[in-house]
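Please model the entire structure based on the sequences and the hints provided.
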Amino acid sequence: MTILSVNGKSRQVTASPDTPLLYVLRDDLGLNGAKYGCGLGQCGACTVQLDRMAVFSCVTPLAAVGTRAVRTVEGLGSAEAMSPLQRAFAEEQAAQCGYCIAGMLMRAQALLDANPSPSDAQIRQHMQPNLCRCGTHIRILRAIRRAAGPLA
Amino acid sequence: MFQSPPPVLRRRTIKRLIPLLGGATGLALALTWRPAIAPIQPPPANSFSPTIVARGAALAQIADCMVCHTAPNGRPFAGGRPLKTPFGTLYSTNITPDPATGIGHWSFAAFERAMRQGVSRTGAHLYPALPYEHFTHVSDQDLGALYAFLMSRRPVAAIAPANRLIFPLGFRPMLAGWNLLFLHQGPLTIDPSESAEWNRGAYLAEGLGHCAACHSPRNLLGGEERSHLYAGGVAEGWRAPALDQSNPAKQRWTPEALYTFLRTGISPDHSAAAGPMGPVVESLSHAPDADVRAIATYIASKMAERASSSPSVPPTNKPYGARQAYPIGATLFAGACAGCHDTGAPMAGQGRPLLSLASDLSDTDPTSAIQAVLRGIEPPVADRGPNMPPFSDNLTDEQVAATLAYARARFTNQPPWPHLDRMVAKARKESQP
Chain A
1 MTILSVNGKS RQVTASPDTP LLYVLRDDLG LNGAKYGCGL GQCGACTVQL DRMAVFSCVT
61 PLAAVGTRAV RTVEGLGSAE AMSPLQRAFA EEQAAQCGYC IAGMLMRAQA LLDANPSPSD
121 AQIRQHMQPN LCRCGTHIRI LRAIRRAAGP LA
Chain B
1001 MFQSPPPVLR RRTIKRLIPL LGGATGLALA LTWRPAIAPI QPPPANSFSP TIVARGAALA
1061 QIADCMVCHT APNGRPFAGG RPLKTPFGTL YSTNITPDPA TGIGHWSFAA FERAMRQGVS
1121 RTGAHLYPAL PYEHFTHVSD QDLGALYAFL MSRRPVAAIA PANRLIFPLG FRPMLAGWNL
1181 LFLHQGPLTI DPSESAEWNR GAYLAEGLGH CAACHSPRNL LGGEERSHLY AGGVAEGWRA
1241 PALDQSNPAK QRWTPEALYT FLRTGISPDH SAAAGPMGPV VESLSHAPDA DVRAIATYIA
1301 SKMAERASSS PSVPPTNKPY GARQAYPIGA TLFAGACAGC HDTGAPMAGQ GRPLLSLASD
1361 LSDTDPTSAI QAVLRGIEPP VADRGPNMPP FSDNLTDEQV AATLAYARAR FTNQPPWPHL
1421 DRMVAKARKE SQP
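Note that the protein sequences, when read in sequence, are chains A and B.
In this text, residue positions in the first sequence follow the working numbering: the first is 1, and each later residue adds one.
In this text, residue positions in the second sequence follow the working numbering: the first is 1001, and each later residue adds one.
Since the hints were derived computationally from the structure, they do not count as laboratory data.
Take the hints with a grain of salt, since some may be wrong.
[What the hints assert, rightly or not] Here are the simulated distance ranges between beta carbons:
| no. | chain 1 | residue 1 | chain 2 | residue 2 | range |
| --- | --- | --- | --- | --- | --- |
| 1 | A | I3 | B | M1174 | 54 to 60 Å |
| 2 | B | P1415 | A | S10 | 37 to 43 Å |
| 3 | A | R11 | B | P1217 | 48 to 54 Å |
[Said to hold, decoys possible] Which chain B residues stay away from chain A? Per the calculated CB distances, all over 10 Å, these:
| no. | residue |
| --- | --- |
| 4 | S1120 |
| 5 | L1332 |
| 6 | G1335 |
Think of the CB as a built atom: it goes at the ideal place given N, C-alpha and C, for glycine as much as any other residue.
As structure tokens, then:
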């Protein structure tokens, strides 16, 4: 039995401690926002936050989480009550198929939490690990820019 | 009771000492003083023969000039890349032919003096982060080709940030003392008992390639320890493994394996180039084939004393014993690493080596294994090859240590690394920007 803090709530899971966090979130907790892309830490579709840092949940064993706070896209907002970043993604129509978007949001939010007004170069650098196969990277960057506000 | 000397005597002594002290300082400064070399009008790019420029381009790949002399996302050769040293942070200089901010006003004589003696055109001493104690061995002809190559680049106006060095190292004349101790000028001697290829490799590796600059330990003054050349060193927080007989994988480093590694960043018998070695192999992937082979032949000979036929022992893999010794490490490995590094993982099917062949895991020093986990490995050549994600935010220091202790027990026959927790904390600190 492992106790996890997910989106501010304490959750109990019975999964084996070597299970990647991604499977625990999706299969045990029903949080299907984070996606399985490659399972090898190469694409970023599974990105969630651990203590506000963006991590690939597919290569993060349950045993590694400990008391650190897990935050998923479900913790950002909902379709009815979107977070500012989610709203910016919708307004920029940053999703095509949308498979990568939950991961993109969680990585981008980690940047904005640490640095509310990043430069374009900082946004690009930070988002580098996450891939979008549809090729909407430019819209994704624009959405993050929009959420961060215009450059000072 | 303490009795002070009569004031008159004291004053007289001091008075007598002043000219002496002044004289000694003056003499020391005079000995370190180097004249400025007169500025020239930047030579037009087309004044150099294209053949010589092309040769210079190839030599610049072997010397890896661009890696240090280019800022992150900066213009090539325009400088500004920070270089963290135990003595503070240095910023590389602009070596494009821009007259105001680069080397546009440098004659060949000025360039040659900088490369061989570490003295700038203005007469200021350069810091040995520019490995002139290696470049000093480069032939006139090759220096001429490098000069032609650099002077025919597009000029870029860029001023490097000021160095941030610990006191009193900002005072450059002190470097004359360093040169006295560590700069050994002159050409390398040819070893007639070795092949022409070996001698070519020695010339390239000891000169422009400056392999020993990272792969040797340095003393307290930052000089290479000449009695331990190639015994392994430090580069940007990573361990530069030993290239002598203490190399943990010396049996497998044949000239052919080393050539493949230097050319592609990975060898089927070894792990991938990681950390600062990535840009080195990226550069060498563009260098002339024969030169890379020569370097491989020379460096492999330093590790030699291997059996004439390559040993075909099965790779070490002891999952059960390792799990018993490190149960937490085994669990973390299963969830974080096994997807790529377990037997039968997709990566193994692509001809990627098993961890039992990774030198970093067998090394006496865990630093590079730790850094590979914390910072990951970027594909070194043309965005192909290994791309290991960084685990610095996934795993705590204790978890990294537990995972590596398990991996070492499972994939090598080496004893456990001592103080692994502390080493992880230190490496993490050094990997912070």
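Checklist entry - Broken hints, numbered, in rising order? => result 5, 6
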